[in-house]
Structure formats: C-alpha cells, structure tokens
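Student: So the sequences go chain by chain: R and U.
Following our numbering, the numbering of the first sequence begins with 1 at its first residue and continues without gaps.
Following our numbering, the numbering of the second sequence begins with 1001 at its first residue and continues without gaps.
These are calculated hints, taken from the structure and not from any lab test.
The beta-carbon is built from N, C-alpha and C at its ideal position, and this holds for glycine as well.
Do not rely on the hints blindly, as some may be mistaken.
Over the 12 Å line for every Cβ pair with chain R, so calculated as not near, a few chain U residues [claimed, not checked]:
#: 1; residue: 1019
#: 2; residue: 1024
#: 3; residue: 1030
#: 4; residue: 1037
#: 5; residue: 1053
#: 6; residue: 1074
#: 7; residue: 1105
#: 8; residue: 1196
#: 9; residue: 1198
Just so you have them, the derived chain R footprint on chain U, three or more residues with Cβ under 8 Å [to be verified]:
#: 10; stretch: 1088-1102
#: 11; stretch: 1111-1124
#: 12; stretch: 1153-1160
#: 13; stretch: 1173-1179
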Amino acid sequence: MSEQQPVVNITGEHVALGPLRRDLISLHQRWFNDFETDRTQGDLPGPRTLERATRWFERNATSDDAHWFTIYEMSSWQPIGITWLSDIDDKNGTCYFAISIGEPSARGKGYGSEVTRLMLDFAFNRLGLHNVALDVFENNPAGIRAYQKAGFREFARVREAYVSGGRRWDDILMEAIAEEPQAADAQ
Amino acid sequence: MTNNDTPIYSISGERVALGPIEADTMPLFYRWFNDMELLRTAGIGDGPWTMERVEAWCKRFNDGSDEAWFMVFERESGQPLGFAGLREIDERHGTAEYAISVGEASARGQGFGTEATRLMLDYAFVARGLHSVLLDAAAYNPGGIRAYEKAGFREIGRRHEADMMGGKRWDIVYMQALASEFESPVLGRVFVPDQPREAGEA
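Pulled out of the complex, with its shape left as it was, chain R reads as follows (with noise of 0.2 Å):
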C-alpha cells in the first residue's frame, strides 16, 4: 500500500525531497521523542509535546534564511525525515547543512548520503553557494562516513566539545566546497 505522491522538488535515485508538511507534524512530534534520534541531533534529550513540534513547524515552514524539506523513500513515497540548509549567507556563500532521519527502517540503507548529495546539488548548482559546512559528533561514525560518501572532508575538531553517554566526544566540524564553475559548453 503505498501512498499517494507527494508534492516534491527534488528527485533523485531513491529519495526525494519536498516541501514541510503541516498534516505531518505528529509525525516529527514522534521522531522528535526518538532519543536514538536525539543522539546525534545535539538537542537535549527529552519529552517533546505536539505543542513544541507545532511552534517548530510554524518557525521553519516560512522560514527566510534556511531551506527545509521533508524526506521521502520513493519506493513507497514515506517521510523518512527531514533535512535542511540554515544560516544561508549570499555574500560569503556559505550555509549550514543537517539531515535527520527519523524512521529507524530507513537508516542504514545509504539514503542519508544520497540526500547529502542532493542536498549539495541545491546548495551549489541552484542557489550559487560556494562553501557548505556541517558539524557532526565523533559517536556518530555512520554519519561521518554518509557525508564523506557525499563529498565532505573534515576541516576542524572541536576536542571534547560534546556530552553524551556519560563522556564527552570531540565535535568534527566538515565542509564541501563548490567545483570550479566549467563552461557550459566544455567536454
């Protein structure tokens, strides 16, 4: 059973991005309250209510700076998360990148690094940004490995910067810059 098609703006080979959803805010309320999620996402772990998810909802859906889109697998057209560009600054040409897959039966299949991808394509290719950075932490090396399949390499490690679990984890900071522009009509 698979769902009717969402409206989306980006397709790639097997995830597709699209638009925030108000009708899927229960949705992020129960991805929110995942502290598996949580774990990598720096926020602190605890009880979210539909009221919080709400106020986020209505902050990002119109937000200015930031671009945020609703992941979903296209073999069944499901949200599996979200993902989302902040701080985007024109005249430095830069941006934040985060990515957040809150259904536990989508993670591990490499759809985080194709989202990365695509994600990148935007940043780049469609909004004209030159350097695309992301912080990720070193208790995360599922994660670490999605971005650099992507095409982000570490530039910096903020040493013990991070709790969780009792102990503290350095925060590794990754960019990925855009190509030289080539010529339309180059080989």
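Keeping the supplied structure of chain R fixed, place chain U upon it in accordance with the hints.
Tutor: Showing chain U alone in chain R's frame:
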C-alpha cells in the same frame, strides 16, 4: 576613589579590566559600529548602523543567559577600549563561542586584545566552569589570530574560501581553548574555598 565616573571592574588584569556594559555607553558603540575598520573583522554585518540598530544589537548585553558581555577598559584610566563576549554558552556541553572587538582605533595593536581575551577565558573557565571555548577569525586578520594564540587559543582547522572580503575569498580560521590547558591569571585566586576562621572571628 569614590568618583561616580569610575567604572566598575569585575576582573582586573595588568593593563586592562573587564566590567559591565552600562546603558550610557551606547554612543560609544554607535561610533565603533560605524567604523569600517572594526566591521571588517567583527562579523556583525556591514554598516551603516543607525542608533536604533545599535541599541537593538546591544540588547544582548542585558538579557539571555547564554551570552555574557563585558566592556574592556584600560585599567589605569578607566577608558573603554572595546568589548568582549561569550555567546552560545551551553552549560550541558560546557561550551561557548568567543568574540572581541577593540573599538578604539588608537588602542589596537598594543596587546590590549590579548590580555582582555586571557581575562575572558579566565571568566569562562574559572568563573563559569566551562570546558571549551571556540572562536573563528578570518585569515586576513593575522593580528587577531596572533593575539588569540598568545591568550591561550590554538588553531584547530580552516573552513576554506568561506569569507568574502575585498572581492576575494578567504579561509576562516577556527581556534579552540580548553580549560584543562589554561592557566588562570586572576580568578584562580578568587574562586577558592574560604580559609578556616579563628574562633571568635565574625
């Protein structure tokens, strides 16, 4: 000195002191924020800065528990030289970000920023109990980078071609200071347990 004009100092170093930023200093910020030389490295956006915009920005000096801003004074004369702050203070992770601007053009390049930064790290680590302080500086600001190094920061990496200045792209240098590697210049003598009192003493 009981002169009303004497500024309040929270932390006194050798040549500089840090104290609260009073509301009547807004004209100073108005002047500083319209100095392109300061805006070049301050990362607060380019001018022109109206008094209204300055006052809105400076609201952060009074509210919000995740920031802490001090005026940087020349200790001897009490003259305000600039301001420094911790932002995004995160008690759970023990982290914060650091920023400083020496607003008085005549005070730049004399080591005031270095000492003010050392006192700010002292505040962050000893008074606030933080573990790590991060900053970033544009690669076209080697004077600042040298001052941060002397004060206790170490470069941890560079975000490449991420700052546009003068029509060219420059790297952004990331620097970190850790509590475990910092030697307190002042507050290590303040934040200590009381000595046992003699019997009969109040």
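Student: Taking the numbered hints from earlier one at a time, note which ones the structure violates and give those numbers from smallest to largest.
Tutor: Checked against the structure, the only hint that fails is number 11, while the rest are satisfied.
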